[in-house]
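These protein sequence lines map, in sequence, to chains L and S. Start counting the first sequence at 71; every next residue gets the next number (our numbering). Start counting the second sequence at 127; every next residue gets the next number (our numbering).
Derived from the structure by calculation, the hints contain no laboratory data. All figures in this text were calculated on a predicted structure; none of them were measured in a lab. The beta-carbon is built from N, C-alpha and C at its ideal position, and this holds for glycine as well.
Just a few of them, taken from the derived set where beta-carbon distance is under 7 Å, the chain S residues facing chain L:
id, residue
1, Asn243
2, Pro244
3, Ala246
4, Glu350
5, Val385
6, Trp386
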Amino acid sequence: MGSPMNGSPLTELEKKRKHVPAPALTEWEYAPAPEARDIVRLEERYGLFLGGKMVEPRSGTYATTIDPSTEEPLAEIAQGGPEDVEAAVEAARGAFENGWAKLAPAERAKYLYRIARLMQERSRELAVLESLNNGKPIKESRDVDVPLAAAHFFYYAGWADKLEYAFPNRRPLPLGVAAQVIPWNFPLLMLSWKIAPALATGNTVILKPASTTPLTALLFAEICRQADLPPGVVNILTGNGRMGATLVRHPGVDKVAFTGSTEVGKDIQRALAGSGKRLTLELGGKAANIVFDDAALDQAVEGIVNGIYFNQGQVCCAGSRLLVQESIAEPLITKLKQRLATLRMGDPLDKNTDLGAINSRDQLDRITELVASGREEGAEIFQPACKLPEKGFWFPPTVFTNVAQSYRIAQEEIFGPVLSVLTFRTPEEAVEKANNTAYGLSAGVWTEKGSRILWMAQQLRAGVVWANTFNRFDPASPFGGYKESGFGREGGRHGLEPYLRFDE
Amino acid sequence: MSRLPVRKTYKLFIGGAFPRSESGRSYEAEGQNVARASRKDARDAVKAARGAFAAWSGMTAYNRGQVLYRLAEMMEARAADLAGCCTGRKEVEAAIDRVVWYAGWTDKLAQVLGSSNPVAGPYFNFTVPEPTGVVAVIAPGEPPLGGLVSRVLPALAGGNTVVAVASEIHPLAAIELAEAVATADVPGGVLNILTGLCSELAPVLAGHMDVNALDVSGADGLVEELERLGAENVKRVVRGSADEQSPWAISDFLELKTVWHPIGQ
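Bound conformation, chain S alone:
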């Protein structure tokens, strides 16, 4: 007699836990029932991300790099599962390599993006990049895993915490990724993943006063509305691409802080 496989329930990923939607709703995508996050879930995710920000941005860049590298290790271990919910093995390998690439940036950003500034006076003056805070990412659906990784990793590498809305039609890769994240020493709340209807969730995040930046890369048809909502608290709005790999993608989610001090005896 053949064995009956244990099926997975696809849930949300908020604050390091896997809750169902508080609304109790789900929707069908890619042949599975997937949690349909509510507005309340979105707000809870922002709260979790804000709560995780101080520790994630405050740890050493070296440490953050190791955690992200560990994520690549966990993805490698789950490569077969991940391949099953995207375009295949090649996409998974590219995504893992991209995570490794960004992991290596954490402790190099300040040297590449910062500066020491030769001001005309007896002052020491330097500029350092810092994370902007909580970033909301509306993830592109194509490719399902690569698109999400390309948008989320730059924000994480820079020390931000993230609330990502998975692609509405291809959400499974995002949940699979969440399971890798949950086992990769990434502190709870650093990356939160919502599945559900983009038109329902994206405006909540775009208008949320405790979200600092908004990545609209996957928000086809909603960009104008989201950008308008983002102005409410002067959000940094990023229009990125699903296949970008560059330190400038990280700098989109960074602030620059300039510090002055007199030089004297």
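Isolated chain L, as found in the complex:
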């Protein structure tokens, strides 16, 4: 999806056409270019990574994790129960008190550098495993997820012994045990967003991967061992949402960091009321991607496609609402539809693949249900002709036009490859529509006018504003939401603060 579009100029006739038929499938075929799967050595079953060792779950239960593109089982994963939560908290608390917090910060930094380096060395293995377990195209796990994950450790490693410069006139101290619950859309990247700043600031962690995507976290456990990270500093506790709920409520946990749905985020905030635990939430979004009539249209089309079809749209900051200025709506939508027809959907491990599988049956059902509501409420649907594999969870790239602000597909987070197109006439109207949501995670602006970019950036109530670009991430760049998209920032100097208290 990163390659520029070879946009052909539209004929006058094409511009006048109201309904554009789905473009025919391209004539040429790409030869398959599969990444080698055998670089990954999977165990039959995985225990919990507690106190530096892989241990059998005290719960005694396991669940199968699958490849969502084929529904084939990959491995049996331990399902932690309440006793395992106890053991994890004990391991993390022990590691915190017996040395990690007292370790010279420069030494702490070196462990993080080691981890970053090991992740780089094993990047191919991590990328294949990520695509296998998540269903995302190898192009993305290889070029985005894994390098960014390693970069996060490298970035925060350097902060470990410089915290007093990040917070002048304050004495920064670690909080203790951090419980971190992450989603399935970027399993390894979210792990690194959570673990890297927590360790750099001297905390120990219990990380709960999403129940459908535990495998890269378990490979990360091996990396921790390779790095000789002291036992108990990082604990990986696999299991279901109920176990996660037990974990965040545990009195031995000092800090909770959650990335996931707004619904679960609210539950956690409620559950933690009165506890005094520190909390950061990175929740849902319904980002507006706003295109003005003076925008570079071909670039905007690429940005729109990247905004909503990156990772099959299973991205909290996805540009799921396209707000297009009325005067260019027709040509833009025509170009967008033509571009969609060139997206390649299929085997996540194929290096040509643009769109992979949806992560789970549950998610596919949710997407399907919301898309049905869009049809019922009266929006016009477009999906390019594409053959979906018979097994696995698949959903074609979808565009809805004639969408009203009140439709569910314009209000609710779909978390799938579904774009809702709305139009506007003036910048004020664009702002009004963009901000008319309970969410406030991200937004996009496409215009060649510099002063308008800055004005829009001021007006949009969102934590990240991408101007003439979309879905860019970097460890040095703070990320997080306004309003019901959560609070706290991850990344950058600002990402340290949620893991520190101050002796003042």
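Knowing the structure of chain L, use the given hints to seat chain S on it.
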């Protein structure tokens, strides 16, 4: 014959005006009848605060600093009255100095709390602090004036608008302060002050969907309930102290916005 003094009626402060409670109720505190705000008054105050937000957050930081400095001037002029409804002259002077201190922060926050971020790619990337929106403050009662000023000024300095619930047992300082605010070029609705029963008003504000942040510093015994209600719209909940003076107290009520733009020819 000695002169009969003109007594003050203690009212609410909403949208720049001094209404009585729409409920027509009052209660006795510190030997005076004080307006007992209703749930409806609380909702009206939120509406006033939301209405004032665009202009207050949109004015220049320099301008906002001058308005807050003007508030300090007005408090100085009313120092004697203020001293009569708190622990005395010393508390008033400390409170005025604190207002001056926060007034000076408005146009420095972005430099201290923001950043330009060196991302690995051809992008200009910067982070700026912005106000979160409408802040509800449950003000601590001790000290009566200092506690309120310590919690309200950080939110105002950051560009938020505020609905403050005055201490239930020491509300007079809050009303006296409102009179200084009303004459200090602070636009109507930027600071709204409710007097009444905390247990009645605080939950309304904590559960209100148009309140962005909640300061529970003075909500003894209610914190758990308020935090739970606050989760309904993912409020930022702040547990502060009655004697805090720091830029971090301001940052508790701020959002961080990060903007990316490609660098190219």
